[in-house]
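Asker: Input sequences plus hints: build the corresponding full structure.
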Amino acid sequence: MNNNLKKINIYAIYLGAIILILPLIAFFINAFSFRWFYPQVIPKELSLQAWVRLKLIPKSGQRTFEGFIELWASNPAVIKALLNSLSIGFLVTIVSIIIALPAARVLGLLNFRFKKLIIFIMVSPTILPPIAFVLGLNINFISWGFSGNYFGVCLVHLVPIMPYVVLTMTGIFANYNPDFEHQARTLGANKTRTFLLITLPAIAPGMVVAALFAFLVSWSQYLLTFLIGAGKVMTLPLLVFSTASSGNPALTAAISIIFIFPAILILFFTSKFVSGESGATSGFGKI
Amino acid sequence: MSKLTIKNLIKSFPSMDRPAVNNVNLDIESGELVAFLGPSGCGKTTILKMITGLFQPDSGDIILDEQSLLKIPTEKRGVVMVFQNYLLFPYMNVNENVGFALKMKGVDKNIIDQKVKEMLELVKLPDIGLRKPKQLSGGQQQRVALARALISNPRILLLDEPLSNLDAHLRDEMRDLIVTIQQKLKVTTIFVTHDQEEAVLLADKIALIFDGELQNFTSPKNYYEKPKNIKAAKFFGGVNFINAKKDNHNLSTNIGTVHYKGENYTDLNEDNIITIRPENIKLSKNNDFNDNSFKGLIKSVIFSGTHTRYKIIVNDLELECSLQSVGLQDIKTDDTIYVHLPSNKIWAMNE
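Protein sequence lines, in the order shown, are assigned to chains A and B.
Under our numbering, the residue at position 7 of the first sequence is numbered 7, and the numbers go up by one with no gaps.
Under our numbering, the residue at position 38 of the second sequence is numbered 325, and the numbers go up by one with no gaps.
Hints listed in this document are in silico derivations from the structure and should not be mistaken for laboratory results.
Treat the hints with caution; some may be incorrect.
[Said to hold, decoys possible] With a Cα cut of at most 25 Å, we get these calculated PhoX-like pairs of lysine-lysine:
#, chain 1, residue 1, chain 2, residue 2
1, B, Lys521, B, Lys548
2, B, Lys363, A, Lys191
3, B, Lys392, B, Lys419
4, B, Lys392, A, Lys191
5, B, Lys396, A, Lys191
6, B, Lys619, B, Lys572
7, B, Lys358, A, Lys191
8, B, Lys336, A, Lys191
9, B, Lys572, B, Lys632
10, B, Lys390, B, Lys363
11, A, Lys191, B, Lys390
Answerer: Below, the structure written as structure tokens:
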């Protein structure tokens, strides 16, 4: 019985993997094909034309090292959007972690009145549809001069990110024993060294997970960037949507690959922190 | 030299309706091994944390060698605490844990290695330097924590319930180790415990604390023979308490007049209580005692190995007596008996 259950579980995992991976395969083929239409199982002709149109690969004949450099140096829209998305993502991640660290510590370690209410208010951006608050926010942002610029976009990205980061990090601190810090202090470590040598190693795995959430939420943000950026701050999701509505599947597939690539890369490098065995959500508790 | 003085120390927490530490005064001499004894939640660990600087007192002062500690940050006080659950840093191996305090002082790496080796030999764990804390047993972790605390020659060593997480046989071993090391290094040591037996076996002096208030601060022997009040006497297993009134160098009680020789007679109030250890009471079937002898009735006889315990009713008052089982007279329940309270063994205290 137990063995059968195990088998079923393994099949379920395979099934899940296939469901997730099959569309990705189709989508990869699409990005490198030329006019792949309905009755054909595989495309008649493979081509790099989508990539050429995105100005990521030079036209045939110019595909030398210099050709690539020259093309990329001309600052194509995709690379511009990619750099925007990356820099906004990193910046917002760092800022959110710095803000969340003290908040999570208090929420995780202390009990106080209205704690549940505060948590509820903090989580509310994940319940509310973004359109509900971003329209109101936009009016304020315009009057403060944050609309249509990079800074405003970063600021508005923090709204959906903070709940994830604070909640993830609260989980770390719920199992964290602050006596380790006290112990280090009595052994002669000052506050800075205590944080660097004792606190940081304990919360680092959880912080990685929180950072991952933060980056991915920022990375996939469409509506908020669109409304607050007012079309002046171009990020990858904006480019993906506009390309998709133009109706060229190969082009959309190519740009989507660029869109999902960093996410896959990050997941790959941080998967060990996300797995159940890591100390990500345990702090010192499981050690 | 490191003489510690605690003056009028008060600390309250918002969650408690009484102060956690209420006006505590203590003088701890250099090199003494002192126990803070009391039931859990009595404030003893709070005092330790104030000595380390992890808590700030509401008022009062903590003075080490004529210098107030209150303004000095924790890491510069030279006061090291060993926590109840050892708290070895999980990401460091034993060598790194033990050497931590010296590394913080910026001591040369070679000297640290040398000192770490010495300390691990002192706690009798010479070969475990490269292991991680989770590979150690509870007793080993405790000893590593002790080595880590002692490596920087602290002025004061604080131990929070050092034996409570250990098995019975490890406890004896650890207790001996603490005493040996403390005598060797002569470091002023305070340890917290709720176990009066542990305090008696280890400490030079015991500070008994109830509900944040210091009851008494004296040698273990005095707690048995000359307790300061009835609470202290009860905590150390006192059972015989008789209400007494001062009466011209004697004490009059409802079992009769008791002849008293205690040196504290002049300090006693009019109404007081006398107590005597069960093992100091003598029994006889014939009245062959000169003074402080009272006629009573044996209520029960309980044989408990080396000793036999008797409960005796004297004038409606129940007294408990414990005699060595060897060479006992034949005393049975309902026998009439004479109870002798030796005048140099009874102790009177204010109510």
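Asker: Need the list of violated hint numbers for this structure, in ascending order.
Answerer: none
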